[in-house]
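Student: As a plain string of letters, each chain reads:
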Amino acid sequence: MTVHETTTATAGPKKARQDARGTKVRRRRVRAAWLFLTPMLVVLALVAGWPLLRTIWFSFTDASLSQMGSANFIGVENYLVYDEGWYGLLADPLWWQSVWNTLFFTVISVGLETVLGVIVALVLNAKFRGRMVVRAAMLIPWAIPTIVSAKMWAWMLNDQFGILNHMLMGLGIISAPLAWTADADLSMWAVIIVDVWKATPFVALLVLAALQMLPSDCYEAARVDGISPVRVFFKVTLPLIAPALMVAVIFRALDALRVFDVIYVLTSNASSTMTMSIYARQQLVEFQDVGYGSAASTLLFLIIALFTIVYLYLGRRQLGGDQ
Amino acid sequence: MTLTHLKRAVLKLGFWLMVIALVVYATFPFYYAVVTSLKPSSEMFQVGYWVDSVDWSNYVAVLSQDSFVQSIINSVIVAFSVVAIALLLGLTAAYALGRVRFKGRTRVMMLVLGVSMFPQVAVLSGLFEVIRVLDLYNSPGGLILSYTIFTLPFTVWVLTTFMRQLPDELEEAAIMDGASPWVTLTKVFMPLLWPAMATTGLLAFIAAWNEFLFALTFTLTDSERTVPVAIALISGGSQYELPWGPIMAASVIVTVPLVILVLIFQRRIVSGLTAGAVKG
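Taken in order, these protein sequences are the chains called A and B.
For the first sequence, full-length UniProt numbering begins at 1 and goes up steadily by one.
For the second sequence, full-length UniProt numbering begins at 1 and goes up steadily by one.
Read the hints as simulated data drawn from the structure, not as lab findings.
One or more of the hints may lead you astray.
As the list claims (entries may be wrong) - What the simulated footprint calls covered on chain A by chain B, stretch by stretch (three residues with Cβ under 8 Å from a Cβ of chain B suffice, anywhere in the stretch; the number is not a length):
{"no.": "1", "stretch": "28-42"}
{"no.": "2", "stretch": "50-58"}
{"no.": "3", "stretch": "218-229"}
Unchecked claim - When the alpha-carbon atoms are kept at most 20 Å apart in a straight line, the in silico EDC-like pairs for lysine to aspartate or glutamate are as follows:
{"no.": "4", "chain 1": "A", "residue 1": "K24", "chain 2": "B", "residue 2": "D168"}
{"no.": "5", "chain 1": "A", "residue 1": "K235", "chain 2": "A", "residue 2": "D217"}
{"no.": "6", "chain 1": "A", "residue 1": "K235", "chain 2": "A", "residue 2": "D225"}
{"no.": "7", "chain 1": "A", "residue 1": "K127", "chain 2": "A", "residue 2": "E220"}
{"no.": "8", "chain 1": "A", "residue 1": "K24", "chain 2": "B", "residue 2": "E241"}
{"no.": "9", "chain 1": "B", "residue 1": "K187", "chain 2": "B", "residue 2": "E172"}
{"no.": "10", "chain 1": "A", "residue 1": "K235", "chain 2": "A", "residue 2": "D255"}
{"no.": "11", "chain 1": "A", "residue 1": "K24", "chain 2": "B", "residue 2": "D177"}
{"no.": "12", "chain 1": "B", "residue 1": "K187", "chain 2": "B", "residue 2": "D177"}
Said to hold, decoys possible - Have a look at the derived ranges for each label pair, beta carbon to beta carbon:
{"no.": "13", "chain 1": "B", "residue 1": "F45", "chain 2": "A", "residue 2": "L306", "range": "26 to 36 Å"}
{"no.": "14", "chain 1": "A", "residue 1": "Q67", "chain 2": "B", "residue 2": "I260", "range": "39 to 49 Å"}
{"no.": "15", "chain 1": "A", "residue 1": "R231", "chain 2": "B", "residue 2": "T4", "range": "56 to 66 Å"}
{"no.": "16", "chain 1": "A", "residue 1": "P39", "chain 2": "B", "residue 2": "Q46", "range": "20 to 30 Å"}
Remember, it's a predicted structure, so these values are computed and weren't measured experimentally.
Every residue, glycine too, gets a C-beta built ideally from N, C-alpha and C.
Start from the sequences, fold in the hints, and give me the full structure.
Tutor: Here it is in structure tokens:
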């Protein structure tokens with residue numbers, strides 16, 4: 001990126017020589033650039049832009065799955081309406097339950113993934129024999145399809161025959177088997193266990209990449225001065241990897257806010273683990289209420305858009321380019 | 001002196017225990033799935049940590065189901081098509097975004113990044129309509145189209161990052177020779193971008209292979225499903241009698257190729273992930 005900027009901006013004499021031909025070539029290149037971008041932009045408009053607008057439109061209609069074409073505009077009735085009592089999405093306790101579940105899931109799982117991910121990255125950053133093998137092992141959870149990992153864990157968490165209950169009872173931690181996925185108090189934690197297992201490697205890899213770019217001289221200095229490793233971590237390492245960690249956290253948070261498949265497989269539509277995505281899809285597909293489901297989708301989109309805007313604002317400087 | 005020796009030894013022991021704990025944590029669930037899949041159904045409900053005798057009956061049961069084999073074929077078709085489309089469109093877009101300075105470039109980059117963060121549910125009803133209008137409902141075509149929403153932005157983003165790192169001189173020489181942008185892209189840049197394309201292609205393949213929500217919503221019959229949906233919908237006599245042996249066998253079948261790919265290309269994948277996230 002920087003190479004490109006400097007050569008085009010500061011190659012003075014060379015540029016002057018090319019100027020006459022340069023503008024023509026430049027104009028041709030810009031035209032070609034837009035031509036090259038068009039297919040991508042058309043496809044994105046078809047699969048993202050237009051469907052999003054339609055979803056927002058549907059949220060103001062009474063569309064149903066069987067007759068999406070002949071929907072009537074009903075204003076904000078899907079969101080909130082007074083008809084001898086408040087009705088609509090914003091008055092539905094299950095919706096608020098799923099908002100709360102989503103936020104709880106996001107904060108806890110991303111928090112755990114961050115802490116664990118940093119620890120794993122620190123271990124992988126140490127020089128020891130077999131480091132490559134350990135790193136390869138850490139990639140396995142990331143590579144396994146979410147559905148498969150959910151099924152694998154569902155089997156391990158099985159209340160009667162699951163190996164986890166077997167282990168915990170063998171160690172004397174619990175006295176009776178736990179119904180991990182069926183018990184309303186435990187099922188959210190079961191989901192978090194699976195998500196943390198699957199996503200920690202992602203955080204660890206990003207943090208590891210940042211760790212490997214750190215300058216070694218300040219560590220030499222710290223070692224010579226006899227500062228404790230824990231202090232060095234909090235005073236030197238953590239501030240230096242903070243940007244990469246931030247990116248990892250935001251990526252994970254955006255993923256967690258739209259979580260669907262782990263929960264769908266582990267606990268289906270149970271209200272104790274229902275997230276916004278599960279809620280919206282249930283309304284849309286199972287209850288065939290496209291209008292109401294679209295209203296839920298739209299609210300989820302707004303929440304994630306807010307996060308994205310914050311992220312883009314924070315990451316704007318790195319985009320570089322023509323500013 | 002002995003005290004520091006002791007301290008060193010304890011620290012070293014602790015470190016290795018941690019490494020072992022990490023490896024066990026990361027690999028045990030998959031290992032246990034393999035162990036379960038190799039047990040006969042009569043031993044299914046006795047917890048065991050090892051494979052005593054190998055029994056292939058679960059694999060036979062799964063692979064003799066036509067719909068499961070068909071779902072593997074569907075997944076392969078969808079994933080390869082998605083990779084091809086994402087690379088083709090991503091490469092041309094990345095050339096424009098990475099090599100040409102023009103007004104609105106940053107805005108396009110922002111747009112692409114924004115789309116990559118779309119919650120899939122947010123476009124579900126609109127996309128459902130598009131797919132029905134195009135007559136792609138319950139067919140691999142509908143999935144290929146819809147998967148571009150998450151593979152394309154990512155591919156564009158990573159390829160742009162790689163494209164920007166290539167030296168300018170190459171392109172200047174091509175322009176001097178009067179090469180058109182298309183020739184520059186295909187003859188000059190593409191040969192240099194093979195590693196980057198392999199990385200992004202692999203990541204797009206994994207994403208398409210693993211996708212669940214669209215596949216669940218936009219297909220209806222067993223013959224059109226992809227592998228994740230097929231596995232999620234394997235059911236037994238009742239909700240409480242899931243056939244765990246065949247489920248684990250199916251899980252292992254669809255995961256082993258991915259795990260092998262990832263282990264072979266682990267350096268590439270790490271560089272792709274970091275290019276997509278850290279530099280973005």
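Student: Which numbered hints does this structure break?
Tutor: Violated: hints 3, 8, 10, 13, 15 and 16.
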